[in-house]
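Note that the protein sequences, when read in sequence, are chains A and B.
This note's numbering applies: residue 13 is where the first sequence begins, and numbers increase by one.
This note's numbering applies: residue 13 is where the second sequence begins, and numbers increase by one.
Any given hint could turn out to be false.
Remember, identical chains collapse to one label, so a pair may be satisfied in a single copy or spanning two.
SDA-like mimics (lysine to any residue), calculated; alpha carbons at most 20 Å apart, straight line [claimed, not checked]:
no.	residue 1	residue 2
1	296	67
2	119	386
3	36	53
4	36	464
5	309	452
6	461	91
7	333	385
8	279	305
9	456	91
10	296	109
11	21	363
Keep in mind the hints are simulated off the structure, nothing from the lab.
There are 2 protein chains.
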Amino acid sequence: MVVRDEVRKMKSVAPLVAALSNEKRCEALKLVAEALQDKKDEIFAENRKDLDYAAENGVAEAIVKRLKFDEGKLRDVVAGIEQLITLEDPIGRITLNRELDEDLILKRITCPIGVIGIIFEARPDALVQISTLCIRSGNCPVLKGGKETTNTNRILFSIIYNAVLEAGFPEGCMLAVEQHNEIDELLKCEGLVDLLIPRGSNAFVRYIMDNTHIPVMGHADGICHIYVDEWADFETAIKIILDAKLQYTAACNAVETLLINRNQLIKDNFIPLLVSALAENGIKLRGTAEVTELVDKYYERESQSDTEEIYAPDQVPEKLKYETIDDSEFKEYLAPVISAKFVGSVEEAADFINQHGSHHTDCIITSSDVNAGRFMQLVDSAGVYRNCSTRFADGFRYGFGAEVGISTSKIHARGPVGLDGLVTYKYMLSGRGQTVGEYANGEKSFHFKDID
Amino acid sequence: MVVRDEVRKMKSVAPLVAALSNEKRCEALKLVAEALQDKKDEIFAENRKDLDYAAENGVAEAIVKRLKFDEGKLRDVVAGIEQLITLEDPIGRITLNRELDEDLILKRITCPIGVIGIIFEARPDALVQISTLCIRSGNCPVLKGGKETTNTNRILFSIIYNAVLEAGFPEGCMLAVEQHNEIDELLKCEGLVDLLIPRGSNAFVRYIMDNTHIPVMGHADGICHIYVDEWADFETAIKIILDAKLQYTAACNAVETLLINRNQLIKDNFIPLLVSALAENGIKLRGTAEVTELVDKYYERESQSDTEEIYAPDQVPEKLKYETIDDSEFKEYLAPVISAKFVGSVEEAADFINQHGSHHTDCIITSSDVNAGRFMQLVDSAGVYRNCSTRFADGFRYGFGAEVGISTSKIHARGPVGLDGLVTYKYMLSGRGQTVGEYANGEKSFHFKDID
Numbered sequence: 013m014v015v016r017d018e019v020r021k022m023k024s025v026a027p028l029v030a031a032l033s034n035e036k037r038c039e040a041l042k043l044v045a046e047a048l049q050d051k052k053d054e055i056f057a058e059n060r061k062d063l064d065y066a067a068e069n070g071v072a073e074a075i076v077k078r079l080k081f082d083e084g085k086l087r088d089v090v091a092g093i094e095q096l097i098t099l100e101d102p103i104g105r106i107t108l109n110r111e112l113d114e115d116l117i118l119k120r121i122t123c124p125i126g127v128i129g130i131i132f133e134a135r136p137d138a139l140v141q142i143s144t145l146c147i148r149s150g151n152c153p154v155l156k157g158g159k160e161t162t163n164t165n166r167i168l169f170s171i172i173y174n175a176v177l178e179a180g181f182p183e184g185c186m187l188a189v190e191q192h193n194e195i196d197e198l199l200k201c202e203g204l205v206d207l208l209i210p211r212g213s214n215a216f217v218r219y220i221m222d223n224t225h226i227p228v229m230g231h232a233d234g235i236c237h238i239y240v241d242e243w244a245d246f247e248t249a250i251k252i253i254l255d256a257k258l259q260y261t262a263a264c265n266a267v268e269t270l271l272i273n274r275n276q277l278i279k280d281n282f283i284p285l286l287v288s289a290l291a292e293n294g295i296k297l298r299g300t301a302e303v304t305e306l307v308d309k310y311y312e313r314e315s316q317s318d319t320e321e322i323y324a325p326d327q328v329p330e331k332l333k334y335e336t337i338d339d340s341e342f343k344e345y346l347a348p349v350i351s352a353k354f355v356g357s358v359e360e361a362a363d364f365i366n367q368h369g370s371h372h373t374d375c376i377i378t379s380s381d382v383n384a385g386r387f388m389q390l391v392d393s394a395g396v397y398r399n400c401s402t403r404f405a406d407g408f409r410y411g412f413g414a415e416v417g418i419s420t421s422k423i424h425a426r427g428p429v430g431l432d433g434l435v436t437y438k439y440m441l442s443g444r445g446q447t448v449g450e451y452a453n454g455e456k457s458f459h460f461k462d463i464d
Numbered sequence: 013m014v015v016r017d018e019v020r021k022m023k024s025v026a027p028l029v030a031a032l033s034n035e036k037r038c039e040a041l042k043l044v045a046e047a048l049q050d051k052k053d054e055i056f057a058e059n060r061k062d063l064d065y066a067a068e069n070g071v072a073e074a075i076v077k078r079l080k081f082d083e084g085k086l087r088d089v090v091a092g093i094e095q096l097i098t099l100e101d102p103i104g105r106i107t108l109n110r111e112l113d114e115d116l117i118l119k120r121i122t123c124p125i126g127v128i129g130i131i132f133e134a135r136p137d138a139l140v141q142i143s144t145l146c147i148r149s150g151n152c153p154v155l156k157g158g159k160e161t162t163n164t165n166r167i168l169f170s171i172i173y174n175a176v177l178e179a180g181f182p183e184g185c186m187l188a189v190e191q192h193n194e195i196d197e198l199l200k201c202e203g204l205v206d207l208l209i210p211r212g213s214n215a216f217v218r219y220i221m222d223n224t225h226i227p228v229m230g231h232a233d234g235i236c237h238i239y240v241d242e243w244a245d246f247e248t249a250i251k252i253i254l255d256a257k258l259q260y261t262a263a264c265n266a267v268e269t270l271l272i273n274r275n276q277l278i279k280d281n282f283i284p285l286l287v288s289a290l291a292e293n294g295i296k297l298r299g300t301a302e303v304t305e306l307v308d309k310y311y312e313r314e315s316q317s318d319t320e321e322i323y324a325p326d327q328v329p330e331k332l333k334y335e336t337i338d339d340s341e342f343k344e345y346l347a348p349v350i351s352a353k354f355v356g357s358v359e360e361a362a363d364f365i366n367q368h369g370s371h372h373t374d375c376i377i378t379s380s381d382v383n384a385g386r387f388m389q390l391v392d393s394a395g396v397y398r399n400c401s402t403r404f405a406d407g408f409r410y411g412f413g414a415e416v417g418i419s420t421s422k423i424h425a426r427g428p429v430g431l432d433g434l435v436t437y438k439y440m441l442s443g444r445g446q447t448v449g450e451y452a453n454g455e456k457s458f459h460f461k462d463i464d
């Protein structure tokens, strides 16, 4: 397959897809949901091939879990499709309606972006989610999934594509790319592909960003911070830190760095709790010297046997692994490891996050409205949180039905990207023969009246 | 100056600028307007130096007109600032307010983009417009103007910068770059500069797009089309074509290509009118063979002396310059030259525009609502017009007060970019210690309730 030729055809049918009615797009989604259920045995059989291949090649259990497409996953994607159908149509919304002058009406109307290339990890449910988000929003997707799910992807794509054709979508409105080298061909389709959404490892996303002139939406790093303010509730802080670090360590919205207020009360009372919680949960601490020296001190205190006041017996942090590093060595771990440093204020925390973070999701633990407000104002990230886990940064948890990815760029869409991020707009201007010359020479003048 | 160091400082003050209140930003704009008026003699004196230099170096009259900053231009920019103050604050708007669950509130709030690099042509009024749009929207601009207005730019920048400092903006919130080689330094400030807006020649914008990993907003080409439908009113068509071609030939929104319905009535009645109008106004026609053969025929008819019926005596197109070209040779002229070809339908017109245009602004001349609707639906451009000049594609004419540029990308902002295009958003999530684990294990569940 010559990717460019196929994408060129897609580009020419994209306006036809954009012109399909809301009813037609919803009907297509219904047919997709039905077809997936009708052909589930075939899908599971193809998925079996991928699972067998993975088993033969000793693929890790955690990854195999993601490759699997079973009754549960089918139920989830069908429920997702049903939710998508109920969401308000993102297309054709009038976001500006202005009379520039008599009989000269300007409207700004939302419309699909067009051709979107999406490169995603080996998760068959992702293929269904991404395709159906594109169908709902009138976009034409070029899909490249992880090679570990080639067989499952192939049948899922074929089922979805045939269902949308049956609904009256034009041929060539969806495209599957299977070969890894075809990604490079896709990256060169500037002017034909309107947007690329790469999902996957840091290095992979960086490679895409560095090797194309097509706009890219996504995120490379996910270095999320939690700042424990001087007005933090300690139990809340511990609970959130453990969830944000451990609930899914490989996620981009897992916390990687703790910033802790240098207040003496916190040093005296929060640090022992933290050290205990980290040890108990097998989380390694990499702190600056100021942090680890304090941890050393608690270990000394412990040996002076006044620990009972601080630690319950089953919490004694005997097994805490920790080491001293410079804060320039803080990084994305995607593992049960966490960086920590002390800061003097909300402002210092925000400044550190803005300089060292990845503008993904950062959280303050505080009971002070003033400090929370200041933090959420100053931190320049897609998500700024107060007293809840960074792991909430996700399209489904935001109520978007699904997401095509998470963006750390500030351009176009930021944070979890659902239907809203898959639309753009066009300006429509309707007149009765007006010329700019008439306005330039003063014969006519604009009156700019917004119409409700 | 090491651009990167200065931009790094700007990046660290950008959140402080973003946190300034609407009142503070409007107060700064008032001080800017006052200072510009107070120091007008100094500004005019500096502008005199630029004009003298241009005169000594034989710069063309048309360009000198743009360099000039006089009482009229001062009045216009001050009026623009006053209009900016009256516009609704683009910052801090809540565009989503959703209860994900009890005491877990998600808000999407508009905020400034941050650090924006703007490289613009030699027009001192552009410096004022761009700076004040950035001040209004809480952004920090890095400004590089055309070298022909170095002296005027320097004093305008100094006046504006001092006024915003007086209003309480932080030092380093605005930056002027004077040397052309510093543009290349700026292009390398990925991660510090959030957005680049280049204005200028096709080749220059293309150079910027090809040499940076920073997101770029703008347009290289401006190949605008007018499609004369079979249901066109001929007089309206001629009037609009002449305005769109001639009102300002060097503008990106000037028309470059005519698509004409192949209907016999049009061939018989519109072509003679068009040929006459082009000849009379000194516009050269570059048409496909089908067009020029028809024009040849009219010249023959003319020699057969039945021209009176078609042309008024002063309209005889004796001086029409025309040549036959292939439609692959159609291009952006920025001069009194126009391409033309016949098409069979609205669909064929839209398809040609989508393939050969630059997605800027394209217009249909028709009295048919059906054909207009189809055209505006299928044409994939920032502006789709009906019965009015393509020259209306401009931030001021859309009632945006001013524009930082026109975007032909579909990502982020499309068409003329005013305040709305200079903002992004962040998600703020406030909870009471909620963890994702609680939702994953079924202990809690989302209820997604939008709050008015």
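Hint check results:
Taking the shortest alpha-carbon separations for residue 296 and residue 67, neither the intra-copy value of 31 Å nor the inter-copy value of 71 Å comes in at or below 20 Å. Only between protomers do residue 119 and residue 386 lie at most 20 Å apart by alpha-carbon distance; the minimum there is 16 Å, versus 38 Å within a single protomer. Taking CA atoms no more than 20 Å apart as the test, residue 36 paired with residue 53 passes in neither setting, with 27 Å inside one copy and 64 Å between copies. When the C-alpha separation of residue 36 and residue 464 is checked against a cutoff of 20 Å, the pair qualifies neither within a copy, at 28 Å, nor between copies, at 30 Å.
In this assembly of identical chains, residue 309 and residue 452 lie within 20 Å of each other by CA distance neither inside one copy nor across copies; the values are 77 Å within and 38 Å between. For a Cα distance limit of 20 Å, the shortest separation of residue 461 from residue 91 across copies, 19 Å, qualifies, whereas the shortest one inside one copy, 44 Å, does not. For the identical chains of this complex, residue 333 and residue 385 are neighbours neither inside a copy (35 Å) nor across copies (67 Å), given an alpha-carbon limit of 20 Å. Taking the shortest alpha-carbon separations for residue 279 and residue 305, only the intra-copy value of 11 Å comes in at or below 20 Å, while the best inter-copy value is 89 Å.
Within a single copy, residue 456 and residue 91 get their C-alpha atoms only as close as 56 Å, which misses the 20 Å cut-off; across copies the closest is 19 Å, which meets it. Neither within a single protomer nor between protomers do residue 296 and residue 109 lie at most 20 Å apart by alpha-carbon distance, with minima of 56 Å and 37 Å respectively. For a Cα distance limit of 20 Å, the shortest separation of residue 21 from residue 363 across copies, 12 Å, qualifies, whereas the shortest one inside one copy, 48 Å, does not.
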